[in-house]
Amino acid sequence: MSEFFQEIYKMRPWYHNFEKLGVQTNFPDERSWKNLWFKKQGIRHHAKQQERKEKCIVPFIKKSISDLHNGGNLNPRILYLFASDGYYGFLAKKMSPNSELVLVDNDFFAKEHISDMERAKTMAHVLNIADKTYCVKEDVNNYIKNSSKFDLILCLGGLYHIENPKEFLQKLKSLTSSYLVISSAVKADTSDPNYFETPRPGFTWGSWFSEATLHKWLLELNYNIVDSCSDKREGDDTQAIGGAYYLCKQNS
Numbered sequence: 045m046s047e048f049f050q051e052i053y054k055m056r057p058w059y060h061n062f063e064k065l066g067v068q069t070n071f072p073d074e075r076s077w078k079n080l081w082f083k084k085q086g087i088r089h090h091a092k093q094q095e096r097k098e099k100c101i102v103p104f105i106k107k108s109i110s111d112l113h114n115g116g117n118l119n120p121r122i123l124y125l126f127a128s129d130g131y132y133g134f135l136a137k138k139m140s141p142n143s144e145l146v147l148v149d150n151d152f153f154a155k156e157h158i159s160d161m162e163r164a165k166t167m168a169h170v171l172n173i174a175d176k177t178y179c180v181k182e183d184v185n186n187y188i189k190n191s192s193k194f195d196l197i198l199c200l201g202g203l204y205h206i207e208n209p210k211e212f213l214q215k216l217k218s219l220t221s222s223y224l225v226i227s228s229a230v231k232a233d234t235s236d237p238n239y240f241e242t243p244r245p246g247f248t249w250g251s252w253f254s255e256a257t258l259h260k261w262l263l264e265l266n267y268n269i270v271d272s273c274s275d276k277r278e279g280d281d282t283q284a285i286g287g288a289y290y291l292c293k294q295n296s
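The letter at position 144 of the sequence shown is residue 188 when you use this note's numbering, and the numbering goes up by one with no holes.
Treat the hints as calculated values from the structure; they're not laboratory data. Where a beta carbon is used, it is the ideal one built from N, C-alpha and C, also for glycine. Please note that a few of the clues may not be correct.
[Unchecked claim] With a cut-off of at most 25 Å between alpha-carbon atoms, the simulated DSS-like pairs for lysine-lysine come out as follows: (1) Lys54 <-> Lys64; (2) Lys215 <-> Lys193; (3) Lys138 <-> Lys99; (4) Lys210 <-> Lys165; (5) Lys165 <-> Lys138; (6) Lys217 <-> Lys193; (7) Lys176 <-> Lys260; (8) Lys193 <-> Lys165; (9) Lys176 <-> Lys210; (10) Lys193 <-> Lys54; (11) Lys189 <-> Lys176; (12) Lys54 <-> Lys99; (13) Lys106 <-> Lys193; (14) Lys176 <-> Lys138; (15) Lys138 <-> Lys276; (16) Lys92 <-> Lys64; (17) Lys210 <-> Lys97.
[To be verified] If you anchor each label on the Cβ, the simulated ranges turn out as follows: (18) His113 <-> Asp175: 31 to 41 Å; (19) Asn266 <-> Lys54: 17 to 27 Å; (20) His113 <-> Ser192: 12 to 22 Å; (21) Glu47 <-> Asp175: 15 to 25 Å; (22) Phe71 <-> Lys193: 16 to 26 Å; (23) Asn70 <-> Asn295: 25 to 35 Å; (24) Glu207 <-> Lys99: 42 to 52 Å; (25) Glu241 <-> Phe49: 13 to 23 Å; (26) Asn268 <-> Glu47: 36 to 46 Å.
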C-alpha cells in the first residue's frame, strides 16, 4: 500500500512509480496531461515499459549489493548516472541503508518546470534516506572527469542520450571498483555489431546502436559480463526500439 504525501503530489508528474517503496506517485487527476507529455517525448505504454525494465534491473542491483555485503563491504559507494527522479538509486539504498548514494542528472528532461534533482531530494527525505544521499545537477560527462571510485555504478537509460557511449563506458572503467549495471534503449531490428549512428536518427542529439554493438563494446573494454537480458518495446510505431540490460563486474 502506497502512502500519499502532499509534497510529492505537488511535484507531479513522476517518471517512475514509487509504489514499491511505499510512496504514491501516480495520481488520477494528472493522467491526461501526464500521458500527453510522455506522448510528446515519443514514449508509448510507459507503465508496461517501466515494469519490463524493473524485471531486469532490480535483480542485477540485488545481486551486486548482496555480493558486496557478503564480501564484507556493508557501506558501499553507489553512483547513479542519468538518475532522473532517483528511483533505482533509492531501491539500492533501501537494500543497503549504510551506503553512500550519489545521483547525477543534468535535468535535460525536467518535467513541468520542476527539476528532477529537486524531485529526488524531496523523495529521499520522504523515504527517510537523505543521510549520505547527494543529488548533483551536472552533465554526466563532466561529473566523471574528476570523480573518485564507486563500488556500484548504475548507468541506466542514458547511454543513447550521449554522442560518445563507448568512450563513456571506457571512462567508467576507472571509476568502477566492482559492479556496473547498464540499461539502454537500442535499435531492435538489427543484430549488426557494427551498427552505430550519431545523432540518433530523427533527433539532433544522442546516438543509436544495436544490442550487439553494446555487447561488443563491453567485451572490447574488458568488462566481465555477469548477466544480461533484453526486451522489445511494444506499441512504438516510429522505430524498432528494444532495451538492453547488463550486469558487469570490473576485471582486476
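Hints and how they fare:
Pair hint lysine 54 plus lysine 64 holds up; C-alpha atoms about 20 Å apart against a cutoff of 25 Å. Between the alpha carbons of lysine 215 and lysine 193 the distance comes to roughly 11 Å, so the proposed pair stays at or under 25 Å and holds. Using a Cα cut-off of 25 Å, the hinted pair lysine 138 and lysine 99 holds, with the two alpha carbons roughly 17 Å apart. A hinted pair counts as satisfied when its Cα atoms are at most 25 Å apart, and lysine 210 with lysine 165 does not qualify at roughly 30 Å.
For the suggested pair lysine 165 and lysine 138, the alpha carbons sit about 15 Å apart, so the restraint of at most 25 Å is met. For the hint linking lysine 217 to lysine 193, the alpha-carbon distance of about 9 Å falls within 25 Å, and the restraint holds. Straight-line distance between C-alpha atoms of lysine 176 and lysine 260 comes to about 36 Å, which puts the hinted pair past the 25 Å bound. For the hint pairing lysine 193 with lysine 165, the CA-to-CA distance comes to about 23 Å; that is within 25 Å, so the pair holds.
Proximity of lysine 176 to lysine 210 is assessed by CA-CA distance (about 30 Å); at most 25 Å being required, the pair is judged violated. A distance of roughly 36 Å separates the Cα atoms of lysine 193 and lysine 54; the hinted pair therefore is violated under the 25 Å criterion. At roughly 22 Å between alpha-carbon atoms, lysine 189 and lysine 176 fall within 25 Å of each other, so this suggested pair holds. Pair hint lysine 54 plus lysine 99 does not hold up; C-alpha atoms about 29 Å apart against a cutoff of 25 Å.
Straight-line distance between C-alpha atoms of lysine 106 and lysine 193 comes to about 20 Å, which keeps the hinted pair within the 25 Å bound. Between the alpha carbons of lysine 176 and lysine 138 the distance comes to roughly 13 Å, so the proposed pair stays at or under 25 Å and holds. Straight-line distance between C-alpha atoms of lysine 138 and lysine 276 comes to about 29 Å, which puts the hinted pair past the 25 Å bound. Straight-line distance between C-alpha atoms of lysine 92 and lysine 64 comes to about 15 Å, which keeps the hinted pair within the 25 Å bound.
Under the criterion of a C-alpha separation no larger than 25 Å, the hint pairing lysine 210 with lysine 97 is consistent with the structure, at around 22 Å. Remark: the range hint 31 to 41 Å for histidine 113 to aspartate 175 is contradicted by a beta-carbon distance near 19 Å. Separated by about 47 Å at the C-beta atoms, asparagine 266 and lysine 54 break the suggested range of 17 to 27 Å. Between histidine 113 and serine 192 the Cβ separation comes to about 21 Å, which falls inside the hinted range of 12 to 22 Å.
Taking the beta carbon of each, glutamate 47 and aspartate 175 are about 20 Å apart, inside 15 to 25 Å as hinted. Evaluation of the 16 to 26 Å hint for phenylalanine 71 and lysine 193 yields a failure: the beta carbon distance comes to about 40 Å. Range check, asparagine 70 to asparagine 295: about 41 Å between beta-carbon atoms, so the 25 to 35 Å window is missed. Between glutamate 207 and lysine 99 the CB atoms are about 30 Å apart, so this pair departs from the stated range of 42 to 52 Å.
In this structure, glutamate 241 and phenylalanine 49 break the distance hint of 13 to 23 Å, their C-beta atoms being roughly 42 Å apart. Distance hint for asparagine 268 and glutamate 47: a CB-CB separation of about 40 Å, consistent with the stated range 36 to 46 Å.
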